Amino acid sequence: MIADLFPHAQPGAGLIGGVMIGLAAAIMLLGLGRIAGVSGLAARATGIAGSGAPHGIAIAFILGLPLGASIVASVMDWKPATYPAPLMLVAAGLIVGFGTRLGSGCTSGHGVCGLSRLSWRSIVATGLFMASGFATVAVMRIAGVL
Amino acid sequence: MRIILALLSGTLFGAGLVISGMADPGRVRAFLDLFGRWDPTLAFVMGGAIVPMAIAWAVQRRLESPLGDKAFSLPATREIDTRLSVGAALFGIGWGLGGLCPGPAIASLSLSPVAVAPFVLAMFAGMGLHRLFIR
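First to last, the protein sequences are chains Z and B.
For the first sequence, position 137 matches number 137 in our numbering, and the numbering has no gaps at all.
If you count the second sequence from 1, you need to add 1000 to reach our numbering.
The shape of chain B in the complex, shown without the other chains (with noise of 0.2 Å):
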């Protein structure tokens, strides 16, 4: 059951990605290039899943624990440190050069897998460098 949810999850997800044009990364670098032809389709991409998710965490909130398991398991961490700022100002900086993030580039696996590889194995070495490196 859990299994199935997570899989029926991550499926949705990846469709959305593709329909919304977060898989290509044309228009995410369009959307980032603020000083050229600006696209702003990705605003509404986030505009439309904070609508659901919104919802989501005011149902969240009534729950005792989730439907298909025991209990919630939601990060609770509440500092605003410096390992938090500089991670996202470095994903950031992936993000505009490669105009791909996590999601959309393992989503693009089963599409170009080609294309996708070397950031997509890039990427993995560089979680291993922060678990070799980061304590």
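Bound-form chain Z, shown alone (with noise of 0.2 Å):
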């Protein structure tokens, strides 16, 4: 049902990914006590935050994403995405960096655990991010850049 009403959905693959990110999380939690938060480990790993993670853990964290991302494009029939300019990501991403910094996380922090964990700032702020995400791509359709 889902094929036939959104023709490029994929979400068999978007499950499975979905719930190895979630193992992926739940490792950090169960394991090491922490909460998977992509944006904080990744700025204590560069020593950005003052405080946080140990560096040894973030750093390890941090380096095990591009490893699973190259070994999935290995075993797996992997194509590469297509990127928006150069000068349109490079806005993006200063405003993602300063944003998740000011708002203590990403799509993994407040999305995956906060959201799993019934946090009412994690709730608050995920519902801000997409909501603002949506209003930037609408904004972006009227203004014919998509």
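Hints were generated in silico from the structure; no laboratory data involved.
Remember, predicted model here, so these are calculated numbers, not experimental data.
Glycine is no exception: its CB is placed at the ideal position from the N, C-alpha and C atoms.
It is possible that part of the hints are untrue.
Partial list, derived from the structure: chain Z residues whose beta carbon lies under 8 Å from chain B [what the hints assert, rightly or not]:
#1 Arg117
#2 Ala143
#3 Gly144
What follows is a list of derived Cβ distance ranges for each label pair [what the hints assert, rightly or not]:
#4 B/Ile1003 <-> Z/Leu87: 18 to 26 Å
#5 Z/Met76 <-> B/Arg1078: 37 to 45 Å
#6 Z/Leu87 <-> B/Val1059: 26 to 34 Å
#7 Z/Ser51 <-> B/Arg1037: 40 to 48 Å
#8 B/Thr1082 <-> Z/Gly56: 42 to 50 Å
#9 B/Phe1072 <-> Z/Val145: 38 to 46 Å
#10 Z/Ile142 <-> B/Leu1063: 47 to 55 Å
#11 B/Phe1072 <-> Z/Lys79: 20 to 28 Å
#12 B/Phe1133 <-> Z/Pro80: 32 to 40 Å
#13 B/Arg1037 <-> Z/His55: 24 to 32 Å
Assembly of the complex is requested from the two constituent chains, each provided in isolation within its own frame, with the hints serving as guidance.
Below, the structure is given as structure tokens:
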């Protein structure tokens, strides 16, 4: 039914990948007692954040991300994604970097870990970043950039 | 032991990001494109990730300490303040503009390093600006 309504959707791959992300976050929580929040761990791994997870843990987790990606790309039929123009990516990256630090989290920390914990802060944050994401893409569509 | 667990978690996380489509800016923007050809795939990613994590939280509440470390170090803040709201709203703007959030961007460094480098470098610059200007 979903295939008929949304021919581009890949609900199966989305679900499998999602479960892997959830299991990865569960390893972090039950194994190390921490939130698998990528923005926080990335800021910690690079020394940008003054407090947070021990450096070794943050660096190991962050290095694991590209490692896991390359393992998937080597065993699966994977084709490179198409990216927005570099200038657009620079603007997006600046806003994402600043915003995730100010808001104490991104899709992983607030979205995956916070929603499943039923944290009000994360429910509000996730609602807001989804809403502003929808609004941003709607404006881009009206402006003809999409 | 702690390093191995963190590396294992990051690796599984990065693999899941690629399989799920989160590392494809086109798919992310298509999910955010409610008034275009909306693609619901990312809702399945979120749903799939929340189930094991909800179980993990239920287990966590029964544990005195994590299996591989001395104590839990979990966020305790409960206040919903301006920083949280403005930060999250800004993040959503950047997420929509670039179709990338921090995890997929860093994971893609091994797949399309040249293409994602501008985003990742700018993201760390944005984090640095926050460190410099917000107290």
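The hints, checked one at a time:
1. At its closest, the beta carbon of Z/Arg117 sits 5 Å from a beta carbon of chain B; the interface hint therefore holds under the 8 Å criterion.
2. The interface hint given for Z/Ala143 is violated, since its Cβ lies 12 Å from the closest Cβ of chain B, which is over the 8 Å cut-off.
3. With 8 Å as the threshold, the beta carbon of Z/Gly144 stays out of range of chain B, its nearest partner Cβ sitting at about 12 Å, so the hint is violated.
4. Range check, B/Ile1003 to Z/Leu87: about 38 Å between beta-carbon atoms, so the 18 to 26 Å window is missed.
5. At roughly 41 Å, the beta-carbon separation of Z/Met76 and B/Arg1078 lies within the given 37 to 45 Å, and the hint holds.
6. The given range of 26 to 34 Å is broken by Z/Leu87 and B/Val1059, whose C-beta atoms sit roughly 46 Å from each other.
7. Range check, Z/Ser51 to B/Arg1037: Cβ separation about 43 Å, and the 40 to 48 Å hint holds.
8. Separation of B/Thr1082 from Z/Gly56 is about 34 Å and departs from the stated range, judged on CB atoms against 42 to 50 Å.
9. Separation of B/Phe1072 from Z/Val145 is about 44 Å and conforms to the stated range, judged on CB atoms against 38 to 46 Å.
10. Remark: the range hint 47 to 55 Å for Z/Ile142 to B/Leu1063 is upheld by a beta-carbon distance near 50 Å.
11. In this structure, B/Phe1072 and Z/Lys79 break the distance hint of 20 to 28 Å, their C-beta atoms being roughly 41 Å apart.
12. For B/Phe1133 and Z/Pro80, the hinted distance range of 32 to 40 Å is satisfied, since their beta carbons lie about 36 Å from each other.
13. Separated by about 43 Å at the C-beta atoms, B/Arg1037 and Z/His55 break the suggested range of 24 to 32 Å.
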